[in-house]
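There are 2 protein chains.
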Amino acid sequence: MSLHRMVLSRSWTLAKYFEGAPKLSDFKLKEVELPKLKHGEVLVEAEYFSVDPYMRAYSKRMKEGDVMMGTQVARVLESNNSAFPAHSYVLSSAGWTTHYISQGKDLTPLLPNWPDNVPKSLALGTIGMPGLTAYFGLKEICFAKKGEIVLVNGAAGAVGSLVGQIAKIMGCKVVGSAGSDDKVEYLKEIGFDEAFNYKTVSSLEEALKKASPEGYDCFFENVGGYFSEVALHQMRKYGRIAVCGAISLYNDSVPRKGEYVQIPLLFQELRMEGFIVQRWLNRYNEGLEKLLQWVVEGKLKYHEHITRGFDNMPSAFIGMLKGDNIGKAIITAK
Amino acid sequence: MSLHRMVLSRSWTLAKYFEGAPKLSDFKLKEVELPKLKHGEVLVEAEYFSVDPYMRAYSKRMKEGDVMMGTQVARVLESNNSAFPAHSYVLSSAGWTTHYISQGKDLTPLLPNWPDNVPKSLALGTIGMPGLTAYFGLKEICFAKKGEIVLVNGAAGAVGSLVGQIAKIMGCKVVGSAGSDDKVEYLKEIGFDEAFNYKTVSSLEEALKKASPEGYDCFFENVGGYFSEVALHQMRKYGRIAVCGAISLYNDSVPRKGEYVQIPLLFQELRMEGFIVQRWLNRYNEGLEKLLQWVVEGKLKYHEHITRGFDNMPSAFIGMLKGDNIGKAIITAK
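Protein sequence lines, in the order shown, are assigned to chains A and B. With the numbering used here applied, the first sequence closes on residue 334, and no number is skipped along the way. With the numbering used here applied, the second sequence closes on residue 1334, and no number is skipped along the way.
I should point out that these hints are in silico values taken from the structure, not numbers from a laboratory. No experiment lies behind these values; they were computed from the predicted model shown. One thing to keep in mind: the hints can contain errors.
To be verified - Quick look at which bits of chain B chain A covers, simulated, 3 or more residues with Cβ under 8 Å:
| # | stretch |
| --- | --- |
| 1 | 1245-1257 |
| 2 | 1263-1277 |
What the hints assert, rightly or not - Among the chain A residues that face chain B by a calculated CB cut under 8 Å, a handful are:
| # | residue |
| --- | --- |
| 3 | Phe27 |
| 4 | Glu31 |
| 5 | Glu33 |
| 6 | Pro35 |
| 7 | Gly225 |
| 8 | Val243 |
| 9 | Ala246 |
| 10 | Gly258 |
| 11 | Gln262 |
| 12 | Ile263 |
| 13 | Leu270 |
| 14 | Arg271 |
All C-beta atoms in this analysis are idealised placements derived from N, C-alpha and C, irrespective of residue type, glycine included.
If we strip away everything but chain A, and leave its shape as in the complex, we get (with noise of 0.2 Å):
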């Protein structure tokens, strides 16, 4: 007879759908005993937490009552799989919520190669999804060529910062935008040629000009609404879009409405292609072995804002939505 330690779950759910900008009231927490493991079953602990835009772009894919989505950086406390031995660190996709008894499916282990002094909570961030995306997005929806001139919206962003930085990298010149003097002054810390503060500047169009004056080859889409409308007007001829998020958006309960994009896409002969990074699944090995070796030869730089403790998440979730962060939005569980 094994000696069954009791674990206690906690969890933010979806207690109510959102209407416009998510509030704490939208969160409940929950607590459940967890049972004994199974055959082949693992008890996993989280250690990290990470908040994405994306949780509230498709909030509406869950039921009030479940557990808010997302990823999280967890330790094996029990196993009863090989595949994923006690005390090694997983990826998880149990959402917010402490302890969880998985099959194995939905966990991954992190890079073998994964060295000591690297952060672990890196694979909610630079060598995790956001990396993925932003070097997926470069490379295969931008198709981001040395010589080019790429223009990123919420550029101090998990998202932002990483497409700048891969840019320099692949030998683009890049120009930045955020929301604060803070942002700005980050984007060039961290090798932007030409960063603003979109909510300063007396005309966008300006900006955009003075910053790139032969306009942009790819523009990496983060935000929507009108910051996008003005940058179509700016793309050069064959420019391509990649549409990534669009934060801005994702508050409205009616749709927002901008200039028709057909003319200037016409005009420039123009690509806008939205994306998700699970298209390249199989290919995240190659991306992730990439964003390791950049982060660890120095060449990317990585900046966390963390907030402490799980009780903390949805005031998190509802801050990196306003954009408090500059750099990756992380919650450690204690």
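Start from chain A and add chain B according to the hints.
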């Protein structure tokens, strides 16, 4: 001493930039006497003229007083250039002008294997720029594949009617939208699987859903505006939108607004691309040979909306922009 025949050239010029829909008073007829041919020069006489939506879209690229832009099928009257012998037929980019002296750079011979029983005016339509636009747009922008579902608006127009037929040749299901019941009937005659009159359906969304409950893989966009806003939400995962034209928007002096496209592009990972057929200039022969072959085999049916007389070109242009034509709008010189 050679006898110089006096040749009078008549041209329609852009008297005044269009404001909104073009009016007869925006055009002015000019006459000039042509000089004697010099070495290397060719005198051509127009037989068929073309009016196309792009002439409205790009009208700002002309100056007031310029001869209206455009392509014509012309006959060589006199030639000092062995590449274009007298009596041969050429495509000429002389614009809206009856007689023209060229050094040959803006002339293209018709396909050498052009059969006698195929009207030469098709070089302005089915076996010309509109045909190439449909062919390359479907092949290289839509990447239409056998078994896929293709939507085309402005479907009874010069390009749209070819898009539908070529997509059928490619093995697709084809749905077309047009602006009159006569046009809808024509679409069914030439093999569209489904067609509807967008002006009389009670709900565009319902009409699109009814025509293809599974949604659409490809959308060949000729119209822009509200139609495309609704159609975007009916696209299937990884759908491709070829933006070939936006005829409903060309007359706007202030850009009209619609729902931002980022959210639908993201959710279904759609690609939307503007294109101009000149992109494939070095592959025109491939396309023209194919189009001619399909016409000869009876797989590609053509319908021309013919206006008689050069004097009526402005009204033919105005009518085409209003959608008077089924198939290609052609004007005969005499």
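We went through each hint and held it up to the structure:
no. : hint      : in the structure
1   : 1245-1257 : holds (count 6)
2   : 1263-1277 : holds (count 14)
3   : Phe27     : violated, 24 Å
4   : Glu31     : violated, 34 Å
5   : Glu33     : violated, 38 Å
6   : Pro35     : violated, 37 Å
7   : Gly225    : holds, 6 Å
8   : Val243    : holds, 5 Å
9   : Ala246    : holds, 4 Å
10  : Gly258    : holds, 5 Å
11  : Gln262    : holds, 4 Å
12  : Ile263    : holds, 6 Å
13  : Leu270    : holds, 5 Å
14  : Arg271    : holds, 4 Å
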